[in-house]
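Engineer: As a plain string of letters, each chain reads:
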Amino acid sequence: MIFWEIFKMAANALRINRMRTILTLLGVIIGVSSVITIISALDGLEQSIRAELEFLGPSTFIVAKMGIIRSDEDFFEALKRKPLKYEYVKAIEEGCDKCVKVAASSSAFDTEIKYRNNKLRNVQVRGSEYNIIDIIDFELGQGRFFTAEEDLTRRHVVFIGTTIQDELFPGVDPIGKSLKINNVKYEVIGIAKKKGSSFNDDADRVVFVPYHTFVKQFGHPRGRMSIFVKANSVEDVPDAMDQVRNVLRARRHVAYEKKDDFGIVTADAVMAVLNDITKFLRMGLVGVSSIALIVGGIIIMNIMMVSVTERTREIGIRKSIGARQKDILMQFLYESLIQSLGGGAIGIAIGVILGKILISLMNFDMTPSVSAIIVGLTISTGVGLFFGIYPAMKAAKMQPVKALSYE
Amino acid sequence: MSLIETKDIWKTYDMGKIQVHALRGISIEINKGDYIAIMGPSGSGKSTLMNLVGCLDTPSKGEYYFTGNRVSQMEEDELATIRNKEIGFVFQTFNLMPRATAFHNVELPLIYNGSSKEDRDEKTRKALAAVDLTDRMMHRPNELSGGQRQRVAIARALVNEPSLILADEPTGNLDTKTGLEIMQLFSRLHKEGNTIIIVTHERDVATYADRILFIRDGQIESDELVSTNEKKINGTII
Chain A
1 MIFWEIFKMA
11 ANALRINRMR
21 TILTLLGVII
31 GVSSVITIIS
41 ALDGLEQSIR
51 AELEFLGPST
61 FIVAKMGIIR
71 SDEDFFEALK
81 RKPLKYEYVK
91 AIEEGCDKCV
101 KVAASSSAFD
111 TEIKYRNNKL
121 RNVQVRGSEY
131 NIIDIIDFEL
141 GQGRFFTAEE
151 DLTRRHVVFI
161 GTTIQDELFP
171 GVDPIGKSLK
181 INNVKYEVIG
191 IAKKKGSSFN
201 DDADRVVFVP
211 YHTFVKQFGH
221 PRGRMSIFVK
231 ANSVEDVPDA
241 MDQVRNVLRA
251 RRHVAYEKKD
261 DFGIVTADAV
271 MAVLNDITKF
281 LRMGLVGVSS
291 IALIVGGIII
301 MNIMMVSVTE
311 RTREIGIRKS
321 IGARQKDILM
331 QFLYESLIQS
341 LGGGAIGIAI
351 GVILGKILIS
361 LMNFDMTPSV
371 SAIIVGLTIS
381 TGVGLFFGIY
391 PAMKAAKMQP
401 VKALSYE
Chain B
1 MSLIETKDIW
11 KTYDMGKIQV
21 HALRGISIEI
31 NKGDYIAIMG
41 PSGSGKSTLM
51 NLVGCLDTPS
61 KGEYYFTGNR
71 VSQMEEDELA
81 TIRNKEIGFV
91 FQTFNLMPRA
101 TAFHNVELPL
111 IYNGSSKEDR
121 DEKTRKALAA
131 VDLTDRMMHR
141 PNELSGGQRQ
151 RVAIARALVN
161 EPSLILADEP
171 TGNLDTKTGL
181 EIMQLFSRLH
191 KEGNTIIIVT
201 HERDVATYAD
211 RILFIRDGQI
221 ESDELVSTNE
231 KKINGTII
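If you read the protein sequences in the order shown, they are chains A and B. Counting from 1, position 129 in the first sequence corresponds to residue 129 in our numbering; the numbering is continuous, with no gaps. Counting from 1, position 2 in the second sequence corresponds to residue 2 in our numbering; the numbering is continuous, with no gaps.
Worth double-checking, as some hints may not be accurate.
[Claimed, not checked] Reference listing, derived: stretches of chain B covered by chain A, where coverage requires no fewer than 3 residues with Cβ under 8 Å from a Cβ of chain A:
| # | stretch |
| --- | --- |
| 1 | 45 to 57 |
| 2 | 77 to 83 |
| 3 | 93 to 105 |
| 4 | 108 to 120 |
[As the list claims (entries may be wrong)] With a straight-line cut-off of 25 Å between C-alpha atoms, the simulated DSS-like cross-links for lysine-lysine are:
| # | chain 1 | residue 1 | chain 2 | residue 2 |
| --- | --- | --- | --- | --- |
| 5 | B | K123 | B | K61 |
| 6 | A | K397 | B | K126 |
| 7 | B | K117 | A | K8 |
| 8 | A | K402 | B | K85 |
| 9 | B | K32 | B | K231 |
| 10 | A | K8 | B | K85 |
| 11 | B | K32 | B | K7 |
| 12 | A | K397 | B | K32 |
| 13 | A | K8 | B | K126 |
| 14 | B | K17 | A | K402 |
| 15 | A | K326 | B | K85 |
| 16 | A | K8 | A | K326 |
| 17 | A | K98 | A | K65 |
| 18 | A | K177 | A | K119 |
| 19 | A | K402 | B | K231 |
| 20 | B | K123 | A | K8 |
| 21 | B | K117 | A | K326 |
| 22 | A | K194 | A | K177 |
These aren't lab readings, by the way, just hints derived from the structure by calculation. Here the structure is a predicted model, which means the values were calculated and not measured. Just so it is clear, CB atoms sit at the ideal spot from N, CA and C, and this is done for glycine as well.
This is chain A alone, in the form it adopts within the complex (with noise of 0.2 Å):
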């Protein structure tokens, strides 16, 4: 009850005095905006990369020439290493037996796909072994996928993703129509279900044919190809990724005492690397904005310093009539209070929007990133009572007296 009517008067007595207010919303305004701008992109750019790796299940890793590169001498290092061979995919699957399903797998961008008058440029062609369907995360929704036949003869078949079907067949369906890629011929022969977990439309913007088919069209892909590998379990993975070492070790000839001259993917070890990418990001660029906000809280302090003393006549007929030093302290509290959390909710709305449109300029969608609200709404509050408390003291421990002969 008191404490609402002692909001009330920190409320009004901000009404009164408007323009200040409103300068000082700014102070906070810029400071919170721009924290959030930068945890909202960056939220955003993880969680696309995240529904990226999606696709891989928590069982599956990749095999490529480069692997995760954490330094320019790791990339170069790599770049010199000799591409993966396609006999390996025969070898992993004898000598690993936490292995269950191996297919190696290879993909062009520099892509054009018609049918009829539609076009699309730039489609992810992926040309993958016959069993690529039960390694990744990717599920069959009509039609059926490719057998190992259709790729040892190299058939001109394709599994098409569902922004493809709904960009070049709209109203069409396109079960046994003929699309060409690069003008190249092919047949529908499936669709795949659309990826419902992902935020990212460009998952279903991608088509599968048979490996030796793409083979066959785009060259032989050694330095591009990968294998795919399955293990029996999460569990096994570890073993599974060692079985797959020693095989490739033996077959690349590398040295005892030599480091891998391929690398092994999983999701978790990209996530790894881009959560030590993002963390250092988020530090530095966080760290930065942050001064904004102490310049923020800054000026509410300022302000309400300058206030109190202006106020101190207040203050006094306030004790003068039986204001206990918590009741002034309250006061004071919520006006710097209002003004913090005030400016922190319109920053929170500017930072939002702002992040959502820095990351659709790098072409990622996001979904509004709870943990910048909470943040924001943390972070002002915290302004507003850590600048707002010492200005507060200083008017709830006035002497009554000195406060009432002020002039």
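Got chain A sorted already, so can you dock chain B onto it with the hints?
Structural biologist: Here is chain B on its own, set in the frame of chain A:
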């Protein structure tokens, strides 16, 4: 039991190297229903005494009992509670909240003691009616005359039905006629049973009271009853 009892109270201010004794051992007793004026030249310590009696400050030395409670050792928040419930202040400069309506100004002490909305409404209206300001309730101080402002301040002092009304030069900022009206209002409030202390340096004002305390150099110089032939009632000398 007396309403107010001070026993040898001192107030000393530390001004760097020297100490200034604003009060030097004052002992007074005031009973419920008394109407007392405190007089003295400026710098005599009368305002300091009023601040102590009004629980705005505590003495450096000596004991002060208010309604039997030992105020001299109380903490700031306990003093605030006494000021809120037991004392109504009326100041020379009115000391109203300039942006708030007369109603809100009078309501304020009730807000600080956590009264309910209905309770506040009723008591505020009653207090404003007691000073004949019912028709000015929603005006702000700058829309009121000096006399009206002081009556708002008196209503605010009355609203918690305090044991003591303390007025510090209540007519100091008013013209003679308006000052007279305010003093008549105090006389009426006294007749209705209120205990009143008025601090003033004007004998004309002081003679509305029943008893005058003269303060000089922080000590009581004299404590006299106002003789009936000097006593002012309703602005006329009887």
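Engineer: Indicate, hint by hint, whether the structure satisfies it.
Structural biologist: Hint by hint, here is what the structure shows:
no. : hint            : verdict
1   : 45 to 57        : holds (count 4)
2   : 77 to 83        : holds (count 4)
3   : 93 to 105       : holds (count 4)
4   : 108 to 120      : holds (count 7)
5   : B:K123 / B:K61  : violated (38 Å)
6   : A:K397 / B:K126 : violated (33 Å)
7   : B:K117 / A:K8   : holds (14 Å)
8   : A:K402 / B:K85  : holds (22 Å)
9   : B:K32 / B:K231  : holds (20 Å)
10  : A:K8 / B:K85    : holds (23 Å)
11  : B:K32 / B:K7    : holds (18 Å)
12  : A:K397 / B:K32  : violated (32 Å)
13  : A:K8 / B:K126   : holds (24 Å)
14  : B:K17 / A:K402  : holds (21 Å)
15  : A:K326 / B:K85  : holds (17 Å)
16  : A:K8 / A:K326   : holds (16 Å)
17  : A:K98 / A:K65   : holds (22 Å)
18  : A:K177 / A:K119 : holds (15 Å)
19  : A:K402 / B:K231 : violated (35 Å)
20  : B:K123 / A:K8   : holds (20 Å)
21  : B:K117 / A:K326 : holds (21 Å)
22  : A:K194 / A:K177 : holds (20 Å)
Checked against the numbered hints listed earlier, the structure breaks hints 5, 6, 12 and 19; every other hint is satisfied.
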